[in-house]
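**Student:** Sequence:
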Amino acid sequence: MGANLSSIQSESDGQSQKHKLGDIPESCVALVLSYFDPPEICKLAGLNRTFRAASLADFIWESKLPSNYRFIIEKLLDDDNLCKLDKKDLYARLCRPNSFDGGTKEIWLDKRTGGVCLLISSKALTITGIDDRRYWNHIPTDESRFHTVAYLQQIWWVEIDGDFEFQFPVGTYSLLFRLQLGKVTKRLGRRVCNSENIHGWDIKPVQLQLTTLDGQHAMFRCYLDNPGIWMYYHAGDFVVEEPNALTKIRFSLTQIDCTHTKGGLCVDSVLLCPSSLGNEFRSSL
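Just so you know, the sequence shown maps onto residues 1 to 285 in UniProt numbering.
The reader is advised that the hints may include incorrect statements.
Here are the simulated lysine-lysine pairs, DSS-like style, with alpha carbons at most 25 Å apart [as the list claims (entries may be wrong)]:
| hint | residue 1 | residue 2 |
| --- | --- | --- |
| 1 | K186 | K204 |
| 2 | K64 | K87 |
| 3 | K75 | K248 |
| 4 | K87 | K43 |
Cβ pair distances, simulated, as ranges [what the hints assert, rightly or not]:
| hint | residue 1 | residue 2 | range |
| --- | --- | --- | --- |
| 5 | L85 | C258 | 37 to 45 Å |
| 6 | L246 | F59 | 43 to 51 Å |
| 7 | D80 | N137 | 34 to 42 Å |
Calculated from the structure, these hints are not laboratory results.
For each residue, glycine too, the CB sits at the ideal point set by N, CA and C.
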């Protein structure tokens with residue numbers, strides 16, 4: 001009986017040793033990890049030393065970086081030190097917000113998908129009447145990644161324009177305006193929305209639109225609502241088919257019906273991102 005148990009135990013020990021994760025070749029583990037999303041790779045790296053070493057393989061993270069990552073480094077960030085990083089460290093660095101163009105724009109990668117996201121500050125937009133403080137003011141706020149927003153007191157004609165040229169990876173992208181009705185302040189640590197100047201947005205809709213140099217066009221009309229809440233308003237989508245070509249985009253927000261004045265609007269930024277992420281931004285509100 002004891003001999004039989006010993007034999008079974010020995011056989012069991014042999015089988016368990018054959019199936020240890022640490023015995024899998026590191027190259028095989030790296031190949032398997034390349035099929036996972038970046039957050040999953042980081043979690044699996046904690047299993048043992050083999051998985052951790054395999055998770056550092058450059059070819060894994062090279063496949064997660066967007067096809068235009070060299071363009072981002074060379075043209076926008078102008079940081080030679082980034083090129084010297086391991087691909088995993090480079091991926092992590094690009095997933096953080098990176099400012100450029102005098103701090104008026106930001107670029108980052110979505111941690112899960114590696115999708116390229118861009119944010120354009122209100123200070124990089126052309127806003128009719130922005131230099132006349134009777135109409136517009138730039139006000140500081142901790143609710144913007146640029147720490148300032150354009151605030152409309154009152155005006156007859158609202159026109160906000162912008163343009164941007166960029167080398168996007170192949171895919172479909174959304175353009176969204178981040179807006180809020182009302183000026184938010186803090187009182188005794190509480191967030192308070194001043195709706196005193198909000199008027200005119202329920203009479204006629206605003207018109208959001210975008211065009212690209214290759215002939216794509218999108219337009220959307222909507223009423224602005226939900227005072228005190230930052231909203232992403234979808235101007236439209238555009239498709240990129242050539243990975244190494246520059247895409248020129250023009251976009252605008254207008255409400256030019258001069259039969260009534262409009263006021264109480266905060267303009268934070270314009271977001272460009274893969275359409276799947278754009279849907280997440282809108283649904284998260």
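**Student:** Between L246 and F59, is the Cβ distance one that fits in 43 to 51 Å?
**Tutor:** violated (28 Å)
**Student:** Between the alpha carbons of K186 and K204, is the straight-line distance 25 Å or under?
**Tutor:** Answer violated: K186 to K204 is near 31 Å, above 25 Å.
**Student:** If you check the beta carbons of D80 and N137, does the distance land in 34 to 42 Å?
**Tutor:** holds (39 Å)
**Student:** Are K75 and K248 close enough, with their CA atoms no more than 25 Å apart?
**Tutor:** Given pair K75, K248 holds - Cα atoms ~15 Å apart, limit 25 Å.
**Student:** Is K87 within 25 Å of K43, Cα to Cα?
**Tutor:** Between K87 and K43 the Cα gap is close to 17 Å, so the pair holds against 25 Å.
**Student:** Falls inside 37 to 45 Å, the C-beta gap from L85 to C258?
**Tutor:** Check failed, 54 Å falls outside 37 to 45 Å.
**Student:** For the pair we were handed, K64 and K87, check the Cα-Cα distance against 25 Å.
**Tutor:** Roughly 9 Å separates the two Cα atoms, so the pair holds.
Hints 1, 5, 6 from the earlier list are contradicted by this structure; the remaining hints agree with it.
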